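**Q** Same order as they appear, the protein sequences are chains S and Z. Under our numbering, the first sequence has 56 at position 56, and the numbering climbs by one with no breaks. Under our numbering, the second sequence has 290 at position 111, and the numbering climbs by one with no breaks.
Simulated from the structure, these hints should not be mistaken for laboratory data. Small disclaimer: the values here were computed from a predicted structure and weren't measured.
Partial chain Z-side listing against chain S, Cβ under 7 Å, derived:
hint	residue
1	R245
2	L247
3	D292
4	V299
5	D303
6	L307
7	V328
Ideal placement from N, C-alpha and C gives every residue a C-beta, glycine not left out.
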Amino acid sequence: MPDSSSEPQATPLSRRGLERLDLLLLSAEALDLNGGEAMVWMSEQMGFSALFPNRVELWKRRCHNPLRRATRRGQLKPAETDALMRILCALADRLYPLLRALLASNEPEAVRQRRWELFEGRLAELVRERMNPRRVGVQTLLDPRRGARQRRQLIQSLALGAGTGGYERLRASLHDPAV
Amino acid sequence: MKQTLRYDQVSCRLQVEGLPDLSSGQAQDALGIITGWTLRWPGRPELEGRREHLLSLMAVVLPYARLLISGVGRPVGGADTPVSIAPRPEGGHRLQLRSSQPDTPPLELELDDAELADLVRVLDELRLDPRLQVKLDLPEPRPLQPREVLERMPLGRRLAAPVGGALALALAATLGALLPEPAPQRQTTGARETPSAPGSAAPPSSQQPATAPQPSGPPR
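Could you build the full structure based on these sequences and the hints that come with them?
**A** Structure below.
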């Protein structure tokens with residue numbers, strides 16, 4: 001398991017950071033139909049079984065996202081959020097060809113549009129299933145026009161945070177102050 | 180003896196050449212002295228340079244990517260640096276490379292988000308390659324300052340809440356000032372309340388009707 005205790009910021013992730021982290025994980029799930037399974041498998045492969053012994057524990061950590069239907073109170077330990085970020089970066093690395101295809105501008109417009117429709121449709125399905133529809137953040141994300149920028153931002157963050165090199169960038173970004 | 184490190188992505192290939200620094204006890208397969216590098220993009224001019232140019236490229240592109248993850252599209256590097264990158268208003272990114280040769284105009288490359296992600300990946304691969312044993316001195320990614328987070332919002336949206344609140348307060352204060360003051364109540368001699376004697380069981384309200392008389396209406 002990567003040692004996260006030696007890293008510079010052992011501060012707990014803010015609610016806003018947890019919200020973004022869970023939405024990024026949800027976007028990875030939207031890109032991969034077996035994303036939920038892949039997450040559990042990745043957690044075991046990366047040696048996080050002590051932190052997340054089973055899928056329920058993994059799911060409980062993700063439920064600290066304040067936008068969830070059944071949100072959990074309290075803060076996650078830095079080791080837990082770092083592990084979730086490492087899993088996310090590994091998932092993004094695996095999904096990089098898909099992320100790249102969504103961001104590329106040199107393909108026919110119809111192909112690009114179809115790709116975005118597929119991703120956005122699947123993301124909307126997952127968001128409606130798991131998030132609290134009364135929250136403004138959820139309504140904005142689901143809005144075809146107002147949420148477009150945020151959905152693109154999620155894909156771009158995954159592409160730039162993919163792999164081992166992206167972990168530090170993504171981690172710093174998730175620790176941004178909430179204003 | 181000569182070492183070549185190569186990193187490939189869909190849109191670019193980075194190749195770094197150099198030698199191991201045997202005086203520092205580096206292994207034969209290590210690269211401790213960079214002698215040159217090339218960055219190839221299909222359909223675009225090939226970039227090449229010395230060690231300093233590669234380090235400048237990394238010192239500009241990686242912090243720019245860090246800002247983009249937080250949704251802050253801000254130029255990194257300026258006219259006085261060998262490399263600079265900035266977002267383009269029409270979308271994408273503009274990478275400028277300035278030659279150390281005099282009278283040579285800067286080379287401009289326009290990258291879309293996918294090409295930028297490819298460039299970031301090859302630079303990450305190089306940075307994290309254990310064979311590269313060169314001190315890079317790259318800034319460590321840090322969380323943004325609250326001011327930087329605020330600045331990513333357009334000024335109109337940033338000011339909307341405080342200006343709206345101030346306007347609502349001013350409107351409420353104006354309406355409050357326009358309301359007429361209530362006239363002072365006249366005291367009528369007949370309805371003056373007399374204090375009840377101590378021990379008296381009669382409540383003060385018994386001297387006045389508890390409810391106002393209702394106007395008689397037609398029977399329902």
